[in-house]
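**Q** Chains as they are written, first to last, in the UniProt record's numbering: chain Y, 1 to 279; chain X, 1 to 279.
Just so you know, the hints here were simulated from the structure itself, not pulled from any lab data. Here the structure is a predicted model, which is why all the values come from computation and not from measurement. A few of these clues could be false.
Lysine-lysine pairs mimicking DSSO-like chemistry, simulated, CA-CA at most 30 Å apart [what the hints assert, rightly or not]:
| no. | chain 1 | residue 1 | chain 2 | residue 2 |
| --- | --- | --- | --- | --- |
| 1 | X | 42 | X | 87 |
| 2 | X | 242 | Y | 242 |
| 3 | Y | 11 | Y | 87 |
| 4 | X | 11 | Y | 11 |
| 5 | Y | 42 | Y | 87 |
| 6 | X | 24 | X | 42 |
So the derived label-pair ranges between C-beta atoms look like this [what the hints assert, rightly or not]:
| no. | chain 1 | residue 1 | chain 2 | residue 2 | range |
| --- | --- | --- | --- | --- | --- |
| 7 | X | 95 | Y | 272 | 56 to 62 Å |
| 8 | Y | 23 | X | 74 | 42 to 48 Å |
| 9 | Y | 8 | X | 273 | 55 to 61 Å |
| 10 | Y | 71 | X | 260 | 33 to 39 Å |
| 11 | X | 153 | Y | 128 | 40 to 46 Å |
| 12 | Y | 10 | X | 243 | 37 to 43 Å |
Anything over 10 Å on all C-beta distances counts as not near chain X; from chain Y, calculated [said to hold, decoys possible]:
| no. | residue |
| --- | --- |
| 13 | 40 |
| 14 | 108 |
| 15 | 159 |
| 16 | 164 |
| 17 | 165 |
| 18 | 238 |
| 19 | 239 |
From the three backbone atoms N, C-alpha and C, an ideal C-beta is built for every residue, glycine too.
Protein chains: 2
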Amino acid sequence: MSARDFIHNPKRGWIVPIGGAEEKYRDPQILRAFVDRCGGEKSTIAVIPTASRLEDTGPRYVELFEELGVSRAISLPFENRQDCTRKDWLQVLSEVDGVFMTGGNQLRLSTTLGGTPVARMLRDRNSEGLHVAGTSAGAAYISEHMIAFGDEGPTPHANMVQLAPGLGLTGTVLVDQHFRQRDRLGRLLTALSFNPFATGVGLDEDTAAFIAPDETIEVVGSGAITVVDPSELESSTMDSAKRSEPVSLIGIRLHILIEGGTYNTQTREARAARPTAAR
Amino acid sequence: MSARDFIHNPKRGWIVPIGGAEEKYRDPQILRAFVDRCGGEKSTIAVIPTASRLEDTGPRYVELFEELGVSRAISLPFENRQDCTRKDWLQVLSEVDGVFMTGGNQLRLSTTLGGTPVARMLRDRNSEGLHVAGTSAGAAYISEHMIAFGDEGPTPHANMVQLAPGLGLTGTVLVDQHFRQRDRLGRLLTALSFNPFATGVGLDEDTAAFIAPDETIEVVGSGAITVVDPSELESSTMDSAKRSEPVSLIGIRLHILIEGGTYNTQTREARAARPTAAR
Numbered sequence: 001m002s003a004r005d006f007i008h009n010p011k012r013g014w015i016v017p018i019g020g021a022e023e024k025y026r027d028p029q030i031l032r033a034f035v036d037r038c039g040g041e042k043s044t045i046a047v048i049p050t051a052s053r054l055e056d057t058g059p060r061y062v063e064l065f066e067e068l069g070v071s072r073a074i075s076l077p078f079e080n081r082q083d084c085t086r087k088d089w090l091q092v093l094s095e096v097d098g099v100f101m102t103g104g105n106q107l108r109l110s111t112t113l114g115g116t117p118v119a120r121m122l123r124d125r126n127s128e129g130l131h132v133a134g135t136s137a138g139a140a141y142i143s144e145h146m147i148a149f150g151d152e153g154p155t156p157h158a159n160m161v162q163l164a165p166g167l168g169l170t171g172t173v174l175v176d177q178h179f180r181q182r183d184r185l186g187r188l189l190t191a192l193s194f195n196p197f198a199t200g201v202g203l204d205e206d207t208a209a210f211i212a213p214d215e216t217i218e219v220v221g222s223g224a225i226t227v228v229d230p231s232e233l234e235s236s237t238m239d240s241a242k243r244s245e246p247v248s249l250i251g252i253r254l255h256i257l258i259e260g261g262t263y264n265t266q267t268r269e270a271r272a273a274r275p276t277a278a279r
Numbered sequence: 001m002s003a004r005d006f007i008h009n010p011k012r013g014w015i016v017p018i019g020g021a022e023e024k025y026r027d028p029q030i031l032r033a034f035v036d037r038c039g040g041e042k043s044t045i046a047v048i049p050t051a052s053r054l055e056d057t058g059p060r061y062v063e064l065f066e067e068l069g070v071s072r073a074i075s076l077p078f079e080n081r082q083d084c085t086r087k088d089w090l091q092v093l094s095e096v097d098g099v100f101m102t103g104g105n106q107l108r109l110s111t112t113l114g115g116t117p118v119a120r121m122l123r124d125r126n127s128e129g130l131h132v133a134g135t136s137a138g139a140a141y142i143s144e145h146m147i148a149f150g151d152e153g154p155t156p157h158a159n160m161v162q163l164a165p166g167l168g169l170t171g172t173v174l175v176d177q178h179f180r181q182r183d184r185l186g187r188l189l190t191a192l193s194f195n196p197f198a199t200g201v202g203l204d205e206d207t208a209a210f211i212a213p214d215e216t217i218e219v220v221g222s223g224a225i226t227v228v229d230p231s232e233l234e235s236s237t238m239d240s241a242k243r244s245e246p247v248s249l250i251g252i253r254l255h256i257l258i259e260g261g262t263y264n265t266q267t268r269e270a271r272a273a274r275p276t277a278a279r
């Protein structure tokens, strides 16, 4: 349930936030699963490396997708807001099957793409079937409310996290990445406690949430996803705590899901992966 | 243009953020204009005093609305999240012509109402014609992205303002209140610069933005509205500045509008009030 209610749209493309540091060479299962969703060998994918300040980020992902056998991969390095009105690049965006946003700084994405034809096209086309993935900063940027930056640690306090408007492909989840690696439960809890309508999704590195059109999340990757569900929150001191004081939250539900596990943000139902017969 | 694009809905009710400290006795023109929109003598209005910790806030506004001649005014003092499932109060909300949210602390509103049937009903009914006003904290809470708290001063820097998810009646504006009185241009610029898709609306005290279903804003009250339009932003250092460093923004458009002035967030057109023949 979003700040505004999202209407179920079966035509929507997959939305795939990735926790950063996804395996790229040995067994790139997340990138491969994304390519599969986009149509495998027939698929065309645009890479948006805007979050990164490194010049080779775009070309590097283009190579990775080519190695995974896509029909075409192309980097669209939007550097500034003027770039976001380039007809030739918008033409590419209007035709591809998938878009992949790299890591870096999510504020580079929101300040560069926000309010431009690129952001608008990504939303419009995703609602009509374009698949959109993002890793690290690219993952943070995907949802309606984005964690721009924050502090480490497990205990929430009001000035621990900075929220900003994101791309807005979905409003049902609030994503955080490098989750276990950077001790981010506190800042995700803080972000959720401001307005407990969304579901928190903490993504470990090399772990992705494949969000289906029906809002079911499927876990792919070597780590875990921490689902934080505040829908049964009984009480919170967020509105009365001083900014650096710890905040009390009563009634949070938490699920740790690994590869194959699922969670539906509408029904709030979590399912573990089926145990395999032998490992 | 929102993080997600808002679709023009001619059935939507008026959305009326007020900058706080509106005149209540001598010549309560803002409250009277709101009552007029709700149907005047025939109108029924629910007051939501949740933002306030004072017990008489609700009854006081009920009295004010009764003095303005409404058919019925009633206070719904949602104190906690359990209250937000009360069938009798939801029944009232489902029937009134207008809702008025008082001042106080906007985090009390978002943490108490967020994700509950009350928030959902306010969105659903506003999209079908319910008029919703809010003053001070009640104004901040109205939009998709809400300023939760922040610092004074004219120059933006990254940790100057805390955003949080709001009620989400509209995503086209980002509201700040007590604007001139508390020197809040810096924090509004900061909030906008994170993702320059929305229009900033800085409301002076005793001044309201009457937002029509077609997204035209009309100014009512004794002060001014500062409209901050970042749609032609050429460059921003928000993504690279350290958190307490000043941020450079090139290409912001600013309008100061007074009583009778209008601004349309879709066409970006501002119009001054027509000069009157004699004053």
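**Q** Against this structure, judge whether each hint is valid.
**A** Hint check results:
1. 42(X) with 87(X): Holds, at about 24 Å.
2. 242(X) with 242(Y): holds, 24 Å
3. 11(Y) with 87(Y): holds, 26 Å
4. 11(X) with 11(Y): It holds: about 26 Å lies between the C-alpha atoms, which stays within 30 Å.
5. 42(Y) with 87(Y): Holds, at about 24 Å.
6. 24(X) with 42(X): holds, 21 Å
7. 95(X) with 272(Y): 56 to 62 Å: Because 45 Å falls outside the window, the suggested range is violated.
8. 23(Y) with 74(X): 42 to 48 Å: violated, 59 Å
9. 8(Y) with 273(X): 55 to 61 Å: violated, 44 Å
10. 71(Y) with 260(X): 33 to 39 Å: violated, 58 Å
11. 153(X) with 128(Y): 40 to 46 Å: Since the Cβ atoms of residue 153(X) and residue 128(Y) sit about 44 Å apart, the hinted range of 40 to 46 Å holds.
12. 10(Y) with 243(X): 37 to 43 Å: About 42 Å separates the Cβ atoms of residue 10(Y) and residue 243(X), which means 37 to 43 Å holds.
13. 40: holds, 29 Å
14. 108: The claim is violated: residue 108(Y) sits with its nearest Cβ about 4 Å from chain X, within 10 Å.
15. 159: For residue 159(Y), whose nearest Cβ neighbour in chain X is about 7 Å away, the distance does not exceed 10 Å, so it is violated.
16. 164: Since the minimum Cβ distance to chain X is about 4 Å, residue 164(Y) lies within 10 Å and the statement is violated.
17. 165: violated, 4 Å
18. 238: violated, 5 Å
19. 239: violated, 4 Å
The structure fails to meet hints 7, 8, 9, 10, 14, 15, 16, 17, 18 and 19 from the earlier list, while all remaining hints are met.
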